[in-house]
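Engineer: Going down the list, the sequences are from chains A and B. The numbering of the first sequence is numbering that gives the first Met the number 0, which starts it at 0 and goes up by one. The numbering of the second sequence is numbering that gives the first Met the number 0, which starts it at 0 and goes up by one.
Rather than coming from a laboratory, the hints here were simulated on the basis of the structure. Cβ coordinates follow ideal geometry from the N, Cα and C atoms, glycine included. Don't take each hint at face value.
What the hints assert, rightly or not - In silico BS3-like pairs for lysine-lysine, Cα to Cα no more than 25 Å straight-line: (1) Lys124(A) - Lys108(B); (2) Lys64(A) - Lys140(A); (3) Lys64(A) - Lys105(B); (4) Lys113(A) - Lys140(A); (5) Lys64(A) - Lys40(A); (6) Lys12(A) - Lys40(A); (7) Lys92(A) - Lys130(A); (8) Lys105(B) - Lys40(A); (9) Lys144(B) - Lys108(B).
As the list claims (entries may be wrong) - The calculated label-pair distances, taken between Cβ atoms and stated as ranges, are: (10) Gly59(B) - Glu49(A): 49 to 57 Å; (11) Ile79(B) - Gly125(A): 33 to 41 Å; (12) Ser90(A) - Gly76(B): 47 to 55 Å; (13) Ile79(B) - Ser102(A): 42 to 50 Å; (14) Leu162(B) - Lys40(A): 30 to 38 Å; (15) Gly76(B) - Phe76(A): 40 to 48 Å; (16) Ala59(A) - Gly61(B): 43 to 51 Å.
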Amino acid sequence: MLKRKNKNTYIKKIVIICAILIIILVGYFYFKNTSVIETQKIYTEAILGERPGFDLNSTALTFGKVVLGNSASREVFITNDFDKDVIIEISSKGEISDFLIVSDNEFILAPNEKKTISFSVLFPKGSEMKKYTGWIEVKTKNA
Amino acid sequence: MLKINLASLIGYTGIIIILISAFSLGFQLTGKVIDSNSRVNITISSVVSINFTIDSIDFGGGSVNLGSANATVDTLGNVINGNWTSTTQGFVLENIGNSNLTLNLKSGKTSAEFLGGTTPAYQYNVTNYETGSCTQADVVLGTWKEVNTIGDGDLICNPFGFLESANSVYIDLRLVIPSDARIGASSDVFTATGTSI
Numbered sequence: 000m001l002k003r004k005n006k007n008t009y010i011k012k013i014v015i016i017c018a019i020l021i022i023i024l025v026g027y028f029y030f031k032n033t034s035v036i037e038t039q040k041i042y043t044e045a046i047l048g049e050r051p052g053f054d055l056n057s058t059a060l061t062f063g064k065v066v067l068g069n070s071a072s073r074e075v076f077i078t079n080d081f082d083k084d085v086i087i088e089i090s091s092k093g094e095i096s097d098f099l100i101v102s103d104n105e106f107i108l109a110p111n112e113k114k115t116i117s118f119s120v121l122f123p124k125g126s127e128m129k130k131y132t133g134w135i136e137v138k139t140k141n142a
Numbered sequence: 000m001l002k003i004n005l006a007s008l009i010g011y012t013g014i015i016i017i018l019i020s021a022f023s024l025g026f027q028l029t030g031k032v033i034d035s036n037s038r039v040n041i042t043i044s045s046v047v048s049i050n051f052t053i054d055s056i057d058f059g060g061g062s063v064n065l066g067s068a069n070a071t072v073d074t075l076g077n078v079i080n081g082n083w084t085s086t087t088q089g090f091v092l093e094n095i096g097n098s099n100l101t102l103n104l105k106s107g108k109t110s111a112e113f114l115g116g117t118t119p120a121y122q123y124n125v126t127n128y129e130t131g132s133c134t135q136a137d138v139v140l141g142t143w144k145e146v147n148t149i150g151d152g153d154l155i156c157n158p159f160g161f162l163e164s165a166n167s168v169y170i171d172l173r174l175v176i177p178s179d180a181r182i183g184a185s186s187d188v189f190t191a192t193g194t195s196i
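Extracted from the complex, chain B is given alone in its bound form (with noise of 0.2 Å):
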């Protein structure tokens, strides 16, 4: 029977632990050569995206009065034809990095899509919360217009500015409910892209 006393177990492991050590020593040395000239390169896109969700503006349960076509309701605090709850709570976004963006907004839904029925309307309209925030580009400020699912959707300000003073535009939001339109609760997600110029 071997006879192992604590000094030599102590030893054994030692040596043990020594030899995985330079073992592992000389594979590093010539197992890691690199090219010192390649790398993986990482760059950071100039864009960003954020969603948000139009549920959050609560215009509350409602249904059109009877007799009207269609009811509409807005962010300004309008409700026309209809018993929903008026609201006046639109988004205010605003650009707090330190360069000037493009703006661009879409929705996830048409207005076929969000509310159903017979000639719905979902729409939007920007404008300058700080005066000088967001200088027009395609969409003219403080009117009214249908939202657009494609691609990045309307480009809204070229630029919108950092400066802080004049760095946030108000997004208000109106919907034309008709008598036909889907019952349900309804919700769609704005996204706005910001992009650097």
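Just chain A, with the same shape it has in the complex (with noise of 0.2 Å):
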């Protein structure tokens, strides 16, 4: 009789905690997913090579030939077209993800604000000489 009545109580715990997890997490979906009026993505790479060289594409920020220990410079114009202030979310993703800095990041743009984000690429010491390739995303909230 005592070992059921322990074993309910052990149900009903796991039960609850089960609960609360899910809870939080579809909490946590909904505000992430509820919150992003749209996601952009842009394509990005760079070749670490023996000698610098440069690649203005320009639909993708590709960076060019960059040598090792030495860094490269572009930089992205974001304008809110929206009438209401939203919330610019900069990610990367991908192995070039490991190389990239971002001047700024998650930042809120007035209507018709315009701003400069200016992305670098630096390869580190020891880096393998390849091309990185990868992405850029430019999630838009709301404020």
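Take each chain as given, in its own frame, and dock them per the hints.
Structural biologist: Structural data, given as structure tokens:
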């Protein structure tokens, strides 16, 4: 009898914990997803080479060839065409992301405000000589 | 004491999930109305800046010969009035993209900041590595020019071509090191800026 009571208490605890976890998870995804208005992706690429070189592709964030221990920079202009404040959140994906540096992140843009963001790629000594690719994700969220 | 069996517990959990999902769905439908004509516009700049460190052209250590006012070292292999190790390692800069560029060069330091002493010189010399790569702009190709630290520096090529057989230039450096130059290691960052045209 006592054993069964203990078992029930144990199950109840597990269920309560599960319920709390589910509520937290659902709440997290709800707030995360509903606040995002749009996500834009920009392909990005840099080559770690023996000599520096330019690649000015206008539709992608290409840095060209960068020499070990040195860097390359390129700017991106972000303009808010909404008639309300938005939050801009920038993240990077892919193997290039370990070497990318962004000048500003998670900022608020007022209507018609334009902001210049600088991206730099820097390969520290010991990096493998090859092409590094990935993409930048620019998320627009309700402020 | 409230007794709950396993089936009931699973049921309650299911009900909670359904309620939360419905709640979430309802809010999504009413909360995500946006003006479909508006958006955040993203434009990628037509300019790239590439930095390269001058200590990577390794002149190594050395000193000005006794009795000489200065020594000259360059990346063409010349060492005059000094005992630096000669080097022929300048920079080759390429345009590996698919459009013509303008090419600007600037340094991070002036000759006084880089070397110190009396009348130092810190100069560069751009030549075509592949014939026809660089159409001369404000600086005469093949001549030594004192570095420029202001703005984007000097406009070197207009255009800097992208064709595979004509898309690279050579950048050599020359230092005139006074006998009273600052002692110790010096380094600087050169910035090449390419702007799409």
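Engineer: Take the hints in turn and mark each one as holding or not.
Structural biologist: Quick rundown of the hints versus the structure:
no., hint, result
1, Lys124(A) - Lys108(B), "24 Å, holds"
2, Lys64(A) - Lys140(A), "34 Å, violated"
3, Lys64(A) - Lys105(B), "18 Å, holds"
4, Lys113(A) - Lys140(A), "16 Å, holds"
5, Lys64(A) - Lys40(A), "22 Å, holds"
6, Lys12(A) - Lys40(A), "44 Å, violated"
7, Lys92(A) - Lys130(A), "15 Å, holds"
8, Lys105(B) - Lys40(A), "32 Å, violated"
9, Lys144(B) - Lys108(B), "14 Å, holds"
10, Gly59(B) - Glu49(A): 49 to 57 Å, "20 Å, violated"
11, Ile79(B) - Gly125(A): 33 to 41 Å, "37 Å, holds"
12, Ser90(A) - Gly76(B): 47 to 55 Å, "48 Å, holds"
13, Ile79(B) - Ser102(A): 42 to 50 Å, "43 Å, holds"
14, Leu162(B) - Lys40(A): 30 to 38 Å, "31 Å, holds"
15, Gly76(B) - Phe76(A): 40 to 48 Å, "45 Å, holds"
16, Ala59(A) - Gly61(B): 43 to 51 Å, "45 Å, holds"
Against the hints set out earlier in the document, violations occur for numbers 2, 6, 8 and 10.
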